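Q: Residue numbers (our numbering), protein chains in the order written: chain A, 1 to 450; chain B, 1 to 491.
Everything labelled a hint here was simulated from the structure, so no lab data went into it.
All of these numbers come straight from a predicted model, not from anything done at the bench.
Treat the hints with caution; some may be incorrect.
Think about it this way: if two alpha-carbon atoms lie no more than 25 Å apart in a straight line, the pair counts; the simulated SDA-like pairs of lysine to any residue are [unchecked claim]:
no. : chain 1 : residue 1 : chain 2 : residue 2
1   : A       : LYS244    : A       : LYS313
2   : A       : LYS107    : B       : GLU268
3   : A       : LYS165    : B       : GLU375
4   : B       : LYS175    : A       : ARG314
5   : B       : LYS337    : A       : HIS52
6   : A       : LYS107    : A       : HIS52
7   : A       : LYS313    : B       : ARG73
8   : B       : LYS95     : A       : HIS52
9   : B       : LYS402    : B       : LEU288
10  : A       : LYS352    : B       : LYS120
11  : B       : LYS175    : A       : GLU412
12  : A       : LYS408    : B       : GLU375
13  : B       : LYS373    : A       : ASP103
14  : A       : LYS161    : B       : LYS373
15  : B       : LYS175    : A       : PRO269
16  : B       : LYS120    : A       : ARG409
These are the residues of each chain, in order.
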Amino acid sequence: MNLFIKGRTFTRNALPIALLSILAFAALPANAMQIQEITSKKGIKAWLVEDHTRPIVSLQFAFQGGAAQDPAEKPGVTTFVCGMMDEGAGDLTSEAFQQRLEDLAAKMNFSPSYDHVAGSFQMLSKNRDESLKLLKAALISPHFDAPDAERIRQQLLANLKVEEKDPDKVASHEWFKLAFGAHPYGKPVGGTQDSVSHITPDDLHRYVKRIFARDNVKVAVVGDIDPASLSEVLDSVFGELPEKSDRMPVSNVSWQDGAKQKILQMPNPQSVAQFGFKGLLRKDPDFIPGFILNYVIGGGGFSSKLMQEVREKRGLAYSVYTYLYPLEHTGIFAGGVATENKEVGHSLDVIKSELERAASDGLTEQELKAAKDYLIGSYALRFDTSVKIAGQLLAIQLDNLGIGYIEKRNSEIEAITAADIKRVAKRLLDPKNLIVIVVGEPEGVKEVGL
Amino acid sequence: MVRKPMPRMHVVRTRPAFYGFKQVTPLKLLGALLMVLALTPLTNTSAETPKQGTIAFHGKLDNGLEVVVVPDRRAPVVTHMVWYRAGGADEPQGKSGIAHFLEHLMFKGTDTIPAGEFSKIVARLGGQDNAFTAQDITAYFQRVAKEKLPDVMRMEADRMANLRLEDKDVTTERKVIIEERRSRVDNDPGSLLQEQMMAALYTAHPYHTPVIGWEPEMRGLMRADALTFYKKFYAPNNAILVVTGDVEPEQVMALAKDTYGKVNANPEVGGPRRRPVEPAPLAEKRVLLRDGRVGKATIERYYLTPSFSTAEQGEAEALQILGHIVGNSNTSRMYNKLVRDEKKASSASAYYSGLGLDSGRFGFYAIAAGDVKLEDIEASLDAVIKDVIDNGVTAEELERAKTTEIANLIYSSDSQQSLAHTYGWNLATGRSVADVEARQERLAAVTKESVQAVAAKYLDRKRSVTGYLIPVPSQLAKVEVKPGSNAGTFH
């Protein structure tokens, strides 16, 4: 044995780590991880996990609102705002602001979705206060100067041009349009060539005034910071935002009955299909059984039924998957497949028959057990970096699941029975109302219900 | 529903995972896309070894398997990876894609694991698994709770020696890799252009050939081809085991001895990796791809450079800093000139890709604003290059670049996956643990003079390929390649 152990003695006795095994669902996902709820003097709340082993701090936050709050005639405002957040603020021009971020080695990113504007801010602990001044300036006094807005507009328009030829993007946009029509979820988050061309700096300022506020912000922090310092940080970064946001009411989605299938021609050797139907809200009591069902059908990588049937047995595709997408005002059960043009009909038939089988039979005890083993055993994998922990803490707050959720989540999964699954499968899986978009030159499919 | 673009060097077995519930529309999409294409896995996933924290343990078994362990005890989970010193560039003539095809087939079965069960067993253990292939490496990994580490080590060691392949599994999986090629390359004119540009950049060296394979050759890949590649390269003395996470080095060494330690070494493998030598570049090349599926006219340029493995002391780090200053961010020279000042491009950037065993490259990328001609953009790009060669970089630019690149090392030390990736990649491409741990110091040593010197030495048109992606109304892709003549020998 040729060992090079730095300053350590190797003994066989150190071996049996298998003996340390503990019941998976009782294990906390991170060693000694403790979530503290911090409330600042001005009443801003954040969830904190202290980790002083790395000289970094991850701050993640989200304002409830998102692209569903874009003015009806101007989809894309949220995306435009996100693209402008580092384009000058306070007393710094666009270039000076970005150089200052680099000098401090801080990383700032804003991302839009239908229901939120999410912000991510990573900093070195030694530069913490200086870095956070930039974040505060961006939130409180962004410039949105016309020349910078024009430059970002050109970038957004170029992105949209590229997306028009990207089969995945086209399929996704068309799916949301077909499923949701005039509802805000039917409009692309990034807007259109026409809408983005007409968004003005005033639109951006108005949006920020309405949406960036203290009553709709959730904050999660992980890293090298103590509770007292965080409390001050919260007041200094978020404390000067308006107390209340001004959000328009958004109606819940009403789904129409009937299957729909739409084909968009694109001269590619492979077609991209995206499919889906009504899913579940996160607060729906059936969400956890739905989550398990999705894992078994198409959410579980190589173990999933669709992967087995479409890829492993038949070699029809490299990629086939499903997911549950709970939004604020509806839920979606959706999936996708990319397959050679002449096999599109065949692939979709295989997928539909798997959905039908699961709708009528639910899952076997064995399938349910395997799903629980994975979902419970792998939960800790979501908590192995500061950024991932902060992301989890933020998502749990946005979903309103409570600070104790992490500890009880695995027992909620454990408690689900095959009977629960069967009932929820009947309710959730709805191949008769499947909405399908195919982009490519597909064979063996035709348009339905348009 | 957004499929994330993958780094070009990698071919991964699965589609990128859909991680969450939130639909994220990428901001500054093209910028983000470029970052992914541009970021070398080193800067993407590089590990820092802060003095108080991660110091890698490095050992070796009697059968030649190298073992690297980096403890990170913050979560009770581990990342377990095996890296083989074999990839696309090690394939026999006419068998392009076989390294990656074998990687898929490694999930089929062994004497003790029935066909198709490997990933299901890992999932039952609460684990996630996948694998990826690049020009110089093939890597397999599982992420599991720490108490499941012995199980996955047993399974990975088992398939190092006991793979069993049925003809019918091979036939089905061949269809899968051809679908994978369609998804990654044939459906995307931008990928097609890059494939053609790499083929033009390398005349004799196998980096010429895409890891996924040329389609006609992929169609001819057989079970015997996969097994030949497997027997030639998959052995403990051609592999590196990397475990990061909540473990002790002693535990990993003991487990490794009990599992991988039982696999026989292959005396035929493990020596220097000799590949066809690239002759000295003599003529600049241009590749024009006209395709009806192009959304926006785009220009790319590649220059042949050394890599971290081949460079003279300090040159690779100087190229990394050069890449940062010229094109890494929206304060870079490319962005400032082409986007902010001249408004010719909607995005513009540059990068150094230095992770190859035998060679690296320096790249530029810009997307046309409005209907600006690519020739106009190219003139500005050439002006950026000429300026840095003639006048060098400023002290301020140098400091800013170093600050960011060094901080990136610290940020990536937050992730046990990144740590495993960094150590595995470096050790599998001829670098040492000491090289990985010296990165901060070596970046700090870069000077204005060294940055200007590498710019002058390597940003030479003779070493370059320029690619145009041109939108046309026609639906048919047409590729014109104008190769330069090549003669002489490479150093």
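Q: Which hint numbers does the structure go against, in order from smallest to largest?
A: As far as the earlier hints go, 1, 2, 5, 7, 8, 9, 11, 12, 13 are violated by this structure, in ascending order.
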